[in-house]
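**Student:** In my numbering, the protein residues as written are 28 to 124.
I should point out that these hints are in silico values taken from the structure, not numbers from a laboratory.
Please read all numbers here as calculations on a predicted model, not as lab measurements.
Some hints here could point you the wrong way.
Stated by the list, open to error - The following label-pair restraints were derived from C-beta to C-beta distances:
| # | residue 1 | residue 2 | range |
| --- | --- | --- | --- |
| 1 | I99 | D69 | 14 to 22 Å |
| 2 | L94 | A45 | 23 to 31 Å |
| 3 | E50 | S96 | 14 to 22 Å |
| 4 | V71 | V114 | 41 to 49 Å |
| 5 | P107 | T35 | 39 to 47 Å |
| 6 | A45 | F76 | 12 to 20 Å |
| 7 | T81 | A109 | 16 to 24 Å |
| 8 | T35 | Q98 | 25 to 33 Å |
Glycine residues also receive a C-beta, built at the ideal position from the N, C-alpha and C atoms.
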Amino acid sequence: MLSLPGETRLFMCHDYKAPGRDEYRWETTVAEERATNVHVHDDVDEETFVQMRTERDATLDMPRLILPSVQINMRAGAFPPAESNGVRYIKIPLNAL
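Please put together the full structure from these sequences, using the hints given.
**Tutor:** Written as structure tokens, this is what we have:
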């Protein structure tokens with residue numbers, strides 16, 4: 028993705044509001060990410076990135092909203108179809124993960 032032209036607009040799925048920032052952000056550009064992304068930028072090679080992510084991810088819990096988020100993201104933001112009662116549900120497994 029970062030090999031695309033710098034002016035390419037990127038729309039992010041979520042934002043954790045970085046320290047010092049009061050507003051949510053969902054849009055950026057390839058140039059901005061290549062210059063300022065704390066995890067992957069012009070000075071980070073693949074080996075360094077993989078090592079950093081492997082070490083960091085081993086310390087993180089599963090995100091609280093990952094299951095509902097994946098269900099919506101897989102449908103490109105569309106909610107699941109309504110059930111026979113007309114209600115749309117996000118289904119959460121009880122005996123997995």
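**Student:** So which hints don't hold here, by number, going up?
**Tutor:** 1, 5, 7
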